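Chemist: Sequences listed follow chains A and B, in order. Residue 5 in my numbering sits at position 5 of the first sequence, and the numbers go up by one each step. Residue 386 in my numbering sits at position 386 of the second sequence, and the numbers go up by one each step.
Everything labelled a hint here was simulated from the structure, so no lab data went into it. Heads up, a few of these hints could be off.
Stated by the list, open to error - Which residues of chain B face chain A? A partial, calculated answer using Cβ under 8 Å:
1) E41
2) H45
3) D173
4) T177
5) T181
6) E221
7) E295
8) L296
9) A332
10) Q380
Said to hold, decoys possible - Here are the computed lysine to any residue pairs in the SDA-like style, where the Cα-Cα straight-line distance is at most 25 Å:
11) K44/A / V19/A
12) K344/B / Q13/A
13) K271/A / W317/B
14) K70/A / E179/B
15) K271/A / Q391/B
16) K271/A / K268/B
17) K344/B / V178/A
18) K276/A / A388/B
19) K147/A / E179/B
20) K11/B / A51/B
21) K44/A / P90/A
22) K276/A / V178/A
23) K148/B / D49/B
24) K276/A / S160/B
25) K276/A / L178/B
26) K344/B / L270/A
27) K271/A / G167/B
28) K268/B / T216/B
29) K11/B / A37/B
30) K43/A / K147/A
31) K271/A / T393/B
32) K292/B / E362/B
33) K275/A / R340/B
34) K276/A / T164/A
35) K275/A / R299/A
36) K276/A / E362/B
37) K275/A / Q391/B
38) K276/A / T216/B
39) K275/A / E124/B
40) K275/A / K344/B
Keep in mind that this is a model prediction, so the values were computed, not measured. Positions of the beta carbon are idealized from the N, C-alpha and C atoms, including for glycine.
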Amino acid sequence: MNLANMSSSDLAQLLERKVTGLEVQSTETRGGQRRVFVGSIGKKMYALKVFAGYSDALVRAQRELLTLKKCRSQHLVRPGPFDLIRLNEPDDDDSRDEEPAALWLYIEEFVDGESLRQRLLRGPLSIEETFRLALESLDGIEALWWKQRVHRDLKPANIMIRRTDSAFLIIDVGYVLVLDSSRVTSPHLAVGTPGYMAPEQFTGLRPRVDFRADVFGLGACLYEALTGQQPFRKPGDIKEDVLRRTINETPQSPIVVRNETPGCLSEIVLKMLAKKPHLRPRNVSVLRRELEECRQEDRSK
Amino acid sequence: MSVLAQHGFRKGHKLQAGLAEEAIVGVVFSPRDETPADLIELISHIRHDFADSVLLIDPQLYASTVQEARDRHLPEYPFYSGDLRRAAFTTRFIEKTVRTCLDFQERLPLSYFVSPSVAFATPEDGWSQIALQFAEESMEQHARLKTKRPLLVSLVMDESALVNRNGLDDLLDSLTTLEPTGFYLCLVRNAGTQYGPAMSPDRLANFLYVGYSLATANEYEVIAGYADWVGLLLHSVGVNHCTTGWGLGLRQLQWSRFEQGGFGRQPKERYSSVPLLNSVFVEELEACWRVKRVELVLSGLAQDKPFKLSNPLNVSWPQEISTIQHWEALSAASRAISARDPDKRIDYVRGRIHEARTRYSELMSQGVQFSQSTGPGHLQQWLGAIEAFVQATF
Numbered sequence: 001m002n003l004a005n006m007s008s009s010d011l012a013q014l015l016e017r018k019v020t021g022l023e024v025q026s027t028e029t030r031g032g033q034r035r036v037f038v039g040s041i042g043k044k045m046y047a048l049k050v051f052a053g054y055s056d057a058l059v060r061a062q063r064e065l066l067t068l069k070k071c072r073s074q075h076l077v078r079p080g081p082f083d084l085i086r087l088n089e090p091d092d093d094d095s096r097d098e099e100p101a102a103l104w105l106y107i108e109e110f111v112d113g114e115s116l117r118q119r120l121l122r123g124p125l126s127i128e129e130t131f132r133l134a135l136e137s138l139d140g141i142e143a144l145w146w147k148q149r150v151h152r153d154l155k156p157a158n159i160m161i162r163r164t165d166s167a168f169l170i171i172d173v174g175y176v177l178v179l180d181s182s183r184v185t186s187p188h189l190a191v192g193t194p195g196y197m198a199p200e201q202f203t204g205l206r207p208r209v210d211f212r213a214d215v216f217g218l219g220a221c222l223y224e225a226l227t228g229q230q231p232f233r234k235p236g237d238i239k240e241d242v243l244r245r246t247i248n249e250t251p252q253s254p255i256v257v258r259n260e261t262p263g264c265l266s267e268i269v270l271k272m273l274a275k276k277p278h279l280r281p282r283n284v285s286v287l288r289r290e291l292e293e294c295r296q297e298d299r300s301k
Numbered sequence: 001m002s003v004l005a006q007h008g009f010r011k012g013h014k015l016q017a018g019l020a021e022e023a024i025v026g027v028v029f030s031p032r033d034e035t036p037a038d039l040i041e042l043i044s045h046i047r048h049d050f051a052d053s054v055l056l057i058d059p060q061l062y063a064s065t066v067q068e069a070r071d072r073h074l075p076e077y078p079f080y081s082g083d084l085r086r087a088a089f090t091t092r093f094i095e096k097t098v099r100t101c102l103d104f105q106e107r108l109p110l111s112y113f114v115s116p117s118v119a120f121a122t123p124e125d126g127w128s129q130i131a132l133q134f135a136e137e138s139m140e141q142h143a144r145l146k147t148k149r150p151l152l153v154s155l156v157m158d159e160s161a162l163v164n165r166n167g168l169d170d171l172l173d174s175l176t177t178l179e180p181t182g183f184y185l186c187l188v189r190n191a192g193t194q195y196g197p198a199m200s201p202d203r204l205a206n207f208l209y210v211g212y213s214l215a216t217a218n219e220y221e222v223i224a225g226y227a228d229w230v231g232l233l234l235h236s237v238g239v240n241h242c243t244t245g246w247g248l249g250l251r252q253l254q255w256s257r258f259e260q261g262g263f264g265r266q267p268k269e270r271y272s273s274v275p276l277l278n279s280v281f282v283e284e285l286e287a288c289w290r291v292k293r294v295e296l297v298l299s300g301l302a303q304d305k306p307f308k309l310s311n312p313l314n315v316s317w318p319q320e321i322s323t324i325q326h327w328e329a330l331s332a333a334s335r336a337i338s339a340r341d342p343d344k345r346i347d348y349v350r351g352r353i354h355e356a357r358t359r360y361s362e363l364m365s366q367g368v369q370f371s372q373s374t375g376p377g378h379l380q381q382w383l384g385a386i387e388a389f390v391q392a393t394f
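Isolated chain A (complex conformation) (with noise of 0.2 Å):
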């Protein structure tokens, strides 16, 4: 079966003999090397992911699933109930290591709402959504960073509002980089979107990702979120634009576009988008306490 023509009810026909009490409901997304349906179990919606199962892309849902069991909080997806869920039979004599025949399952918990990228197609954050989009995400970030990991691909499309309560949520943790394991991609090769990756996950010849390439990543977020322009893209970039400008430009003041955003917060935005990791806030908490004080000085104006 062909995975970019996958019908629901196609996933459907191949989970029947799976799983049960697991409904196909609608495809959410389409093409490249994974597909997105919706399902439920009960009353509990799900978002299930194919994909044609070649090694990498196993290891990565493996890993996923792996980080998003291990890293709890409420601004992290959740995995499913079920573990990685082989689709289809493998073939007599195909012993090989990787099987572009192969489709594989696994599940995630199903957040109703838009993406932040879709929520700014509407224009910027407020102030306020912004402190909240940024204490929220950090919350994220730390649960992986406790477990030391990196996400490596923090973008608007990749941080959910959920409908119900407005929390955002980090979704994709596929590239999420183990620091203390042997890599799936190798350390040499940039993951990430031009735009939102950190200078060190595209430069250099050592592998130096840590958590800041995160503070990196949600400090693009934010000055997209406050502006509504992306720090490093000018109209008419291409990808090599985009790059060299991450290496090489500051973007404008915060402040400077968005006259009412407020001084501190310019400043922490800008400090998180520093061109070295060591010149961004170093932990977690130091961050937190940064953005808190700022809120607070906000609020009491």
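Knowing the structure of chain A, use the given hints to seat chain B on it.
Modeler: The following block gives chain B in isolation, referenced to the frame of chain A:
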């Protein structure tokens, strides 16, 4: 910023006098210059008499790599062995050295633990990796002690380490993943560097960058050892405390302090001038007095009075007094750098440097001659360093 005394040989009563007169707020003790028993007693007495003072030991393990070092009492300490080469620094040796060093400090009434470390010449060399190992091991051992007393990680670098900014960036990236309370930062100046506040602008800019990255950007407490006048610049970028001592070897760290034959000279009598941001020779002060411009040099401290009344050459100026005056001058100058914002502190220091240049110019136009180390040469270097630092950092 506050000033700490860099303890050394021939202390006399300078430490107690400096603390009593509040010229210094604490002491960095030198095990090299006291037997373990004497050091323990000295620390206990000072803690007893000055309960709020900031007291710490520089373990001086970096001297262990000097072959046939003039390390005096250091071999009497359980954490020190001399004549070490790189191969000696195995993981097990580092673990044992850190453990014995922190255990020794634990029983003393000190304000901080200070980790032992080695010096490195470049941020990429093998020694810098050993220094990082010492830092990491110290973090672990400190956690084992379950103590509330904070830990400062020693960072001892040769001046040559300041040449390569990219290397420094990598080193800082690693250091700032650690969670000590702060750092005890020492710069080993090049052999033969004459005592004084002069320093190559590029290197000084990178030294300021190290201080800024640790103290301001990462909010560590930073104590800069042997900083002397350069401590004022370090303070402007956020460094909390700076140290200086009485002998020239305690004002500026050089390997000669630990090398055979490198006996420290007794310093020629100097007067520390806040307006000139330098310590000038007493003969030069006398030259200023002769042209009726001594007020341009005086620091506004209690010790100034005799210089206003008579020829400076006739003023009794023993080391006991001149040391206190030096500490007070540095303390006064640093207290004036009080703005919260680093930009404003840097601007203030820039203004003081320009003012010092004007004063030097006036004195020299009156025929006063200064030596190379006491003249205004450092001011241009400082301005250059500040500009380079600001440009590369903000």
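Chemist: Evaluate each hint against the coordinates.
Modeler: Right, here's what the structure says about each hint:
| no. | hint | verdict |
| --- | --- | --- |
| 1 | E41 | 39 Å, violated |
| 2 | H45 | 38 Å, violated |
| 3 | D173 | 5 Å, holds |
| 4 | T177 | 6 Å, holds |
| 5 | T181 | 13 Å, violated |
| 6 | E221 | 14 Å, violated |
| 7 | E295 | 42 Å, violated |
| 8 | L296 | 40 Å, violated |
| 9 | A332 | 31 Å, violated |
| 10 | Q380 | 28 Å, violated |
| 11 | K44/A / V19/A | 16 Å, holds |
| 12 | K344/B / Q13/A | 69 Å, violated |
| 13 | K271/A / W317/B | 49 Å, violated |
| 14 | K70/A / E179/B | 23 Å, holds |
| 15 | K271/A / Q391/B | 16 Å, holds |
| 16 | K271/A / K268/B | 47 Å, violated |
| 17 | K344/B / V178/A | 41 Å, violated |
| 18 | K276/A / A388/B | 17 Å, holds |
| 19 | K147/A / E179/B | 16 Å, holds |
| 20 | K11/B / A51/B | 20 Å, holds |
| 21 | K44/A / P90/A | 31 Å, violated |
| 22 | K276/A / V178/A | 21 Å, holds |
| 23 | K148/B / D49/B | 22 Å, holds |
| 24 | K276/A / S160/B | 22 Å, holds |
| 25 | K276/A / L178/B | 16 Å, holds |
| 26 | K344/B / L270/A | 19 Å, holds |
| 27 | K271/A / G167/B | 21 Å, holds |
| 28 | K268/B / T216/B | 36 Å, violated |
| 29 | K11/B / A37/B | 16 Å, holds |
| 30 | K43/A / K147/A | 31 Å, violated |
| 31 | K271/A / T393/B | 11 Å, holds |
| 32 | K292/B / E362/B | 12 Å, holds |
| 33 | K275/A / R340/B | 24 Å, holds |
| 34 | K276/A / T164/A | 38 Å, violated |
| 35 | K275/A / R299/A | 30 Å, violated |
| 36 | K276/A / E362/B | 44 Å, violated |
| 37 | K275/A / Q391/B | 14 Å, holds |
| 38 | K276/A / T216/B | 14 Å, holds |
| 39 | K275/A / E124/B | 20 Å, holds |
| 40 | K275/A / K344/B | 23 Å, holds |
When each numbered hint is compared with the structure, violations occur for hints 1, 2, 5, 6, 7, 8, 9, 10, 12, 13, 16, 17, 21, 28, 30, 34, 35 and 36.
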